[in-house]
Amino acid sequence: MVPEMGEQPVREMTKMFRMLEKTIQVSLEGLPYEEWLNRLQVENDDDPLRPLLPMFEEKVYDGRCQWEMYENMPISDTENLRQYLQDVPELATCPFLDQDIFKKFLSSLGLA
Numbered sequence: 015m016v017p018e019m020g021e022q023p024v025r026e027m028t029k030m031f032r033m034l035e036k037t038i039q040v041s042l043e044g045l046p047y048e049e050w051l052n053r054l055q056v057e058n059d060d061d062p063l064r065p066l067l068p069m070f071e072e073k074v075y076d077g078r079c080q081w082e083m084y085e086n087m088p089i090s091d092t093e094n095l096r097q098y099l100q101d102v103p104e105l106a107t108c109p110f111l112d113q114d115i116f117k118k119f120l121s122s123l124g125l126a
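With our numbering applied, the sequence shown corresponds to residues 15 to 126, in that order.
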């Protein structure tokens, strides 16, 4: 179960990256999608994202790749699922990602 998003995923991701910067104390650079993709294509063959390049490059609909197809998608409601899980409250609620939870997650990965 994931927390409901109150905003579009792009804004949620921006907040998450700002928390990441603060937690690991490393500056991250925001890039337009095309510039990020170009860097991924030419800069580093060892980048862990390289195997995913086809998903980022192949235009599947209206000049957009699979990844871009999910931009500005409607935010789904989770109320039905929450009703089904009402007898199991520990599964029915999920805290919002905050600095403390994010730091615990990164620590579990050995990154903080």
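Just so you know, these hints were derived from the structure itself, not from any lab.
Treat the hints loosely; a few may be bogus.
Computed spacing ranges between beta-carbons, pair by pair [stated by the list, open to error]:
| id | residue 1 | residue 2 | range |
| --- | --- | --- | --- |
| 1 | 76 | 100 | 39 to 47 angstroms |
| 2 | 125 | 50 | 26 to 34 angstroms |
| 3 | 84 | 35 | 37 to 45 angstroms |
| 4 | 79 | 57 | 12 to 20 angstroms |
| 5 | 95 | 29 | 33 to 41 angstroms |
| 6 | 95 | 122 | 40 to 48 angstroms |
| 7 | 121 | 29 | 31 to 39 angstroms |
| 8 | 106 | 30 | 21 to 29 angstroms |
| 9 | 31 | 92 | 21 to 29 angstroms |
| 10 | 101 | 36 | 19 to 27 angstroms |
| 11 | 98 | 49 | 39 to 47 angstroms |
Only pairs whose alpha carbons sit at most 25 angstroms apart, straight line, appear in this in silico DSS-like list of lysine-lysine [unchecked claim]:
| id | residue 1 | residue 2 |
| --- | --- | --- |
| 12 | 118 | 29 |
| 13 | 36 | 117 |
| 14 | 29 | 117 |
| 15 | 36 | 118 |
This structure is a prediction, so every number in the text was calculated from the model and none was measured.
In this text, a Cβ means the ideal position worked out from N, Cα and C, and glycines have one as well.
Discussion item. Could you work out which of the previously given hints the structure breaks and list their numbers from low to high?
Written reply: Violated: hints 2, 3, 5, 6, 7 and 10.
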